[in-house]
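Student: Here is what each chain is made of, one letter per residue.
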Amino acid sequence: MKLTRENITEYVGRFLDGRTSCAEEQALYEYFRNENIPDEWNYLRDAFAYFESGMREEDAAESLPEVTSPQPLRRSGMAAWCSPRIVARWCVAASATIMAAAGTWLAVSSDSNATDLATSLYDGSYVILNGEYCNDIETMDYQIDIAMERAAIMETKAARLLAMTDKQQQNQTKQYN
Amino acid sequence: MNAVKLRIAAALTAILVLSVSGSQRVSAQEHIDNLISRFIDSNGGTISYRSVVKRNPSTHEIEKRVVELSVSNKELGRQLIAAFEAEKGTADGMEINRVSPSYYTATLVWSSPRRIYELSVSGSWVSFSAVTNYGQ
Chain A
1 MKLTRENITE YVGRFLDGRT SCAEEQALYE YFRNENIPDE WNYLRDAFAY
51 FESGMREEDA AESLPEVTSP QPLRRSGMAA WCSPRIVARW CVAASATIMA
101 AAGTWLAVSS DSNATDLATS LYDGSYVILN GEYCNDIETM DYQIDIAMER
151 AAIMETKAAR LLAMTDKQQQ NQTKQYN
Chain B
1001 MNAVKLRIAA ALTAILVLSV SGSQRVSAQE HIDNLISRFI DSNGGTISYR
1051 SVVKRNPSTH EIEKRVVELS VSNKELGRQL IAAFEAEKGT ADGMEINRVS
1101 PSYYTATLVW SSPRRIYELS VSGSWVSFSA VTNYGQ
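So the sequence lines, in the order shown, correspond to chains A and B. In case it helps, our numbering puts the first sequence at residues 1 to 177. In case it helps, our numbering puts the second sequence at residues 1001 to 1136.
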């Protein structure tokens, strides 16, 4: 089996998925041992050297026959679980799980902190709608937003009115002078 | 010596005038606030009333209060128009529109502390808003 620039991508993908046969893996090791590989695959050279060293030790221990038909590689006992590839995959899976759990915990705690802050910022607010009194800040969230937007509009108008008054006073002062 | 006494008297007079005008400002706003408070306390019906306070996150003191009232009540409309007309002389900024006897809008602004009062009366419909900034 000859690996070329065109099919190397497919075989590397199958290798990482654990779907390569012994022969295909040996071909991959030999390919990456070659110094004349494309630059874009250079970063995998050390990884395949590592895989090859691990596979060679396991082969020496178990003396597996060469499998020519494309079948998933099978190993028995502890050797299977100690395969570097499987260990690496478990490490990646464990890291991803830990990160997901940490992210979820951070999101939940920040949500509760945000809720507590909102409640304390607007503590004392209330609404009366059709005779019904409500002072639950979380329920009033929308009403609070409306009130704050209204306040912003009024403050813009007030600034304009005060500026106009100042200008009128300045004009009057100029007239008297 | 007489010049010194005159200066002291002028300063005291200025202080008296400022304090009286300041108290007039407070009473103008209190007049309008009291009208609203009495109406809210006495009237349970179909009103929409919002009182929102915003506090300083560090000190928890109130920084801003926003009050909004919407109600259909001709008498309240007349009372508020009268209050706005009476108090407009103490405001630092204002805008008043008397489009017709049944349509009136006004905005009064006091700068220190910053208070903004808005009123819109259309027929029997009254819409009142007030923003008070504390500590400014």
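Honestly, the hints are just simulated from the structure, not real lab data. One should not assume that every hint holds.
Said to hold, decoys possible - Some chain A residues near chain B, calculated using beta-carbon distances under 10 Å:
#, residue
1, GLN143
2, ALA158
3, ARG160
What the hints assert, rightly or not - DMTMM-like mimics (lysine to aspartate or glutamate), calculated; alpha carbons at most 25 Å apart, straight line:
#, chain 1, residue 1, chain 2, residue 2
4, A, LYS157, A, ASP116
5, A, LYS157, B, GLU1095
6, A, LYS157, B, ASP1033
Just so you know, these numbers come straight off a predicted model, no measurement behind them. Beta carbons: idealized from backbone N, C-alpha and C, even for Gly.
Student: Taking the hints in turn, state whether each one holds.
Tutor: Taking the hints in turn, this is what the structure says about them:
no.: 1; hint: GLN143; verdict: holds, 6 Å
no.: 2; hint: ALA158; verdict: holds, 4 Å
no.: 3; hint: ARG160; verdict: holds, 8 Å
no.: 4; hint: LYS157/A <-> ASP116/A; verdict: violated, 32 Å
no.: 5; hint: LYS157/A <-> GLU1095/B; verdict: holds, 10 Å
no.: 6; hint: LYS157/A <-> ASP1033/B; verdict: holds, 21 Å
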